[in-house]
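Novice: Make a model of the complete structure from these sequences and hints.
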Amino acid sequence: MSGLWEVLTEHLPEFSSGFFVTFRLVAVAFVIAIVVGTLVAAFRVAPVRWLNLIGGFYVETFRNIPLLVLLFIAFAGLRRAGVPISPWVAGTASLGLYTAAYIAEALRSGVFAVGKGQVDAALSLGLTYPRTLRLIVLPQAFRTVIPALGSLVIAMIKNSAIVGASLLALPDLLKEARQIQSETFQTTEVFFWAAVGYMILTLSATFAFRYFERRFEIKR
Amino acid sequence: MYVIDPDNWEWVWSGNSLRFLFEGFLVNLEIALLGIVLSLIFGLMLALLRISGSKLLSIPAGIWVDVWRNLPLIFIILYLALAVPSSWREAYGNAIPDFFPEALQNELVLGALLGLILYNSAVLCEIMRSGILSLDRGQQEAAASLGLTYLQQMRFVILPQGLRRMVPATVSQLITLNKDTTLVSIIAIQEVVRHGSSLTSANFFGGVQAPILQVFIMIGFFFIVVNFLLSRLSRRLEIRERKRTGTTLKRVRGLEDQVAAETDLADPGR
Numbered sequence: 001m002s003g004l005w006e007v008l009t010e011h012l013p014e015f016s017s018g019f020f021v022t023f024r025l026v027a028v029a030f031v032i033a034i035v036v037g038t039l040v041a042a043f044r045v046a047p048v049r050w051l052n053l054i055g056g057f058y059v060e061t062f063r064n065i066p067l068l069v070l071l072f073i074a075f076a077g078l079r080r081a082g083v084p085i086s087p088w089v090a091g092t093a094s095l096g097l098y099t100a101a102y103i104a105e106a107l108r109s110g111v112f113a114v115g116k117g118q119v120d121a122a123l124s125l126g127l128t129y130p131r132t133l134r135l136i137v138l139p140q141a142f143r144t145v146i147p148a149l150g151s152l153v154i155a156m157i158k159n160s161a162i163v164g165a166s167l168l169a170l171p172d173l174l175k176e177a178r179q180i181q182s183e184t185f186q187t188t189e190v191f192f193w194a195a196v197g198y199m200i201l202t203l204s205a206t207f208a209f210r211y212f213e214r215r216f217e218i219k220r
Numbered sequence: 001m002y003v004i005d006p007d008n009w010e011w012v013w014s015g016n017s018l019r020f021l022f023e024g025f026l027v028n029l030e031i032a033l034l035g036i037v038l039s040l041i042f043g044l045m046l047a048l049l050r051i052s053g054s055k056l057l058s059i060p061a062g063i064w065v066d067v068w069r070n071l072p073l074i075f076i077i078l079y080l081a082l083a084v085p086s087s088w089r090e091a092y093g094n095a096i097p098d099f100f101p102e103a104l105q106n107e108l109v110l111g112a113l114l115g116l117i118l119y120n121s122a123v124l125c126e127i128m129r130s131g132i133l134s135l136d137r138g139q140q141e142a143a144a145s146l147g148l149t150y151l152q153q154m155r156f157v158i159l160p161q162g163l164r165r166m167v168p169a170t171v172s173q174l175i176t177l178n179k180d181t182t183l184v185s186i187i188a189i190q191e192v193v194r195h196g197s198s199l200t201s202a203n204f205f206g207g208v209q210a211p212i213l214q215v216f217i218m219i220g221f222f223f224i225v226v227n228f229l230l231s232r233l234s235r236r237l238e239i240r241e242r243k244r245t246g247t248t249l250k251r252v253r254g255l256e257d258q259v260a261a262e263t264d265l266a267d268p269g270r
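Going down the list, the sequences are from chains Z and S.
Here the first sequence stands for residues 1 to 220, where the numbers follow the working numbering.
Here the second sequence stands for residues 1 to 270, where the numbers follow the working numbering.
Derived from the structure by calculation, the hints contain no laboratory data.
Mixed in with the good hints there might be a few duds.
[What the hints assert, rightly or not] Selected chain Z positions facing chain S (Cβ under 7 Å, derived; list incomplete):
#, residue
1, N64
2, A76
3, V83
4, R134
5, P171
6, F191
7, G197
8, L201
[What the hints assert, rightly or not] Examples of chain Z residues toward chain S, derived with CB under 10 Å:
#, residue
9, A121
10, L125
11, T128
We put the CB at the ideal spot given by N, CA and C, even for glycine.
Specialist: Put into C-alpha cells, the structure is as follows:
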C-alpha cells in the first residue's frame, strides 16, 4: 500500500490527462452555452410574440430535463436514429445547451435590469431593435449578470463530471479517477486527488469571475 | 420523420412499457422526496451553526459546507458507493421502516441518499444563511432587547422572515435535486433511466421495439411536467405571501446550484 503522495506521483499522467479533458469539455461547452444562451435571451426579450414562445420553450425544456437524460437523447438516441454523433460532440453539445438555458434566464433578468427608458431612448434615436440590443442593452446586461455567470460556470464544471460518468465514457477527471481506483483500490486517496482537481477548476473560476466583476464594474 | 413516426411511438400504448417507465419515475420521486426533507433539515442545522456566534462551531461548519458544495454530486455519489462500509449499508437496510417504499429499502440507496443529502444540505445551508443575513441587524437586536433568548429570537423573529426570502432559491435548488436523482442510476439503482435502458433492449415487452430516442424523450417529458409544476408552486407561494403580508417580498437568489434567475413576471412594476 502506498500513501497519499505516491498515488499522485505514480498516476500523475492519468490524473493530468483527465484534468485537461475536463477542462476542454468545460471550455467548449462554455462557448456553446454563451452563444446559444445569448441568442435565446434575445429571442425571449424580442418584441415578437412567436420568438418569445420559442425562447420560452427552449428554456423550459432544457432547464427541466436532467442532464443525464439529455445525454441519453443526444448520444444513444441520435445514434439509434442514424445520426453518427461522436461522444465528444454529444457531450459538449448537451452540457452547452443545458447551461445555455440558465444563461439565457440570467441574461434576460439582466436585460430587464437595464431599464425600459434606455431602450425607449435608443429606439427613439432611430436605432433598430437588434442594434439597440447589441449596443445599449447587452453590454450593460452582461455586466450585471457576471456573478450569476460565475456560479453557472462553477455548476457547469461540476456537471461536466456527469458527462464522463455517463454512457459517453469520455476520459475526464472522474473517469480517470475511477480507472485508477479500480487498479489500486485506494478509493479515498484517488478520490482525494480528483477532488483537488475539481477544486482547482472551481476556485480558479471563482477568482476569474471575481476579477471580471471588478474589471467591468461601472464606476459611478 | 423518425422522431414523430407513429411506429416509433407504438411502445407507449402497447403492453406495459409506459407503466414500467412510470414505476421507475416514482422511485426517482421517492428518493427526491426523502432527499428534500432530510436536506432541508440538515441544511437548516448547518446554517444555524454557521451563523452562531461561536467560532468553534461556525468555522468547521463553513469548511464542511464549502467542501461538499464545490464537489460534483456524481463524484460524491460514486465515492460513497465505493467507500461506505458494507456494515453501514446493512445497518441502513435493517433500520429503514417497513412502510417505506420498496425501492428505498435497497441497501445501495444509502450511498445515493447520503450523497444527495451531503451535497444539497451544503447548498441549502448557504441559501438559508444568506436569507438570514439579509435581514436588518436591528431585528435581532430588538428581539434581544425584548428579552427573548437566542433560541426564541431565531424561532419567532429571524427564521420566519429569513426563510421566507429564500423560497424561490430553495425551490430552484429542489428542482435541481429532483433532476439529480437520475444520477443514482450510475450506481445501479433501478430507477427511470435504468428502466428506460431496459425497455430499449430488444423484445423487452414482447415484440414491440422501443427506440431509445423516444423512450428518453418520454422520460424528459416526465421531468418537465413535475419540475414545471414545482416552479409554478414557488411562484404561487410567493404571491400568496405577498398578499398575506402586504409587502413586496425581498428575495435572496444566486446561491443555488443552477442560478435560474426567475424574472419578475408576477411583479406589477414590470
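Novice: Please check whether L201 (chain Z) passes as an interface residue: C-beta within 7 Å of a C-beta belonging to chain S.
Specialist: Because about 10 Å separates L201 (chain Z) from the closest Cβ in chain S, which is outside the 7 Å limit, the hint is violated.
Novice: Do the numbers back the hint for F191 (chain Z), that is, is its least Cβ distance to chain S under 7 Å?
Specialist: 5 Å, holds
Novice: For the hint on L125 (chain Z), does the least C-beta distance to chain S fall short of 10 Å?
Specialist: 24 Å, violated
Novice: Should the hint that A76 (chain Z) touches chain S count as held when the rule is a Cβ pair under 7 Å?
Specialist: 5 Å, holds
Novice: Using the nearest Cβ pair, does R134 (chain Z) come within less than 7 Å of chain S?
Specialist: 21 Å, violated
Novice: Given A121 (chain Z) was flagged as interface, is its beta-carbon under 10 Å from a beta-carbon of chain S?
Specialist: 19 Å, violated
Novice: Minimum Cβ distance from G197 (chain Z) to chain S below 7 Å?
Specialist: For G197 (chain Z), the interface hint is violated, since the closest Cβ of chain S sits about 10 Å away, which is over 7 Å.
Novice: Does N64 (chain Z) pass the interface check with chain S, least Cβ-Cβ distance below 7 Å?
Specialist: 4 Å, holds
Novice: Can you verify the interface hint for T128 (chain Z): is its Cβ closer than 10 Å to any Cβ in chain S?
Specialist: Hint on T128 (chain Z): violated, closest Cβ of chain S at ~24 Å, above 10 Å.
Novice: Against chain S, is P171 (chain Z) within 7 Å by beta-carbon distance?
Specialist: This interface hint is violated because 15 Å lies over the 7 Å limit.
Novice: Can you verify the interface hint for V83 (chain Z): is its Cβ closer than 7 Å to any Cβ in chain S?
Specialist: Violated: closest Cβ of chain S sits about 9 Å from V83 (chain Z), beyond 7 Å.
Going through the hint list in order, the structure does not satisfy hints 3, 4, 5, 7, 8, 9, 10, 11.
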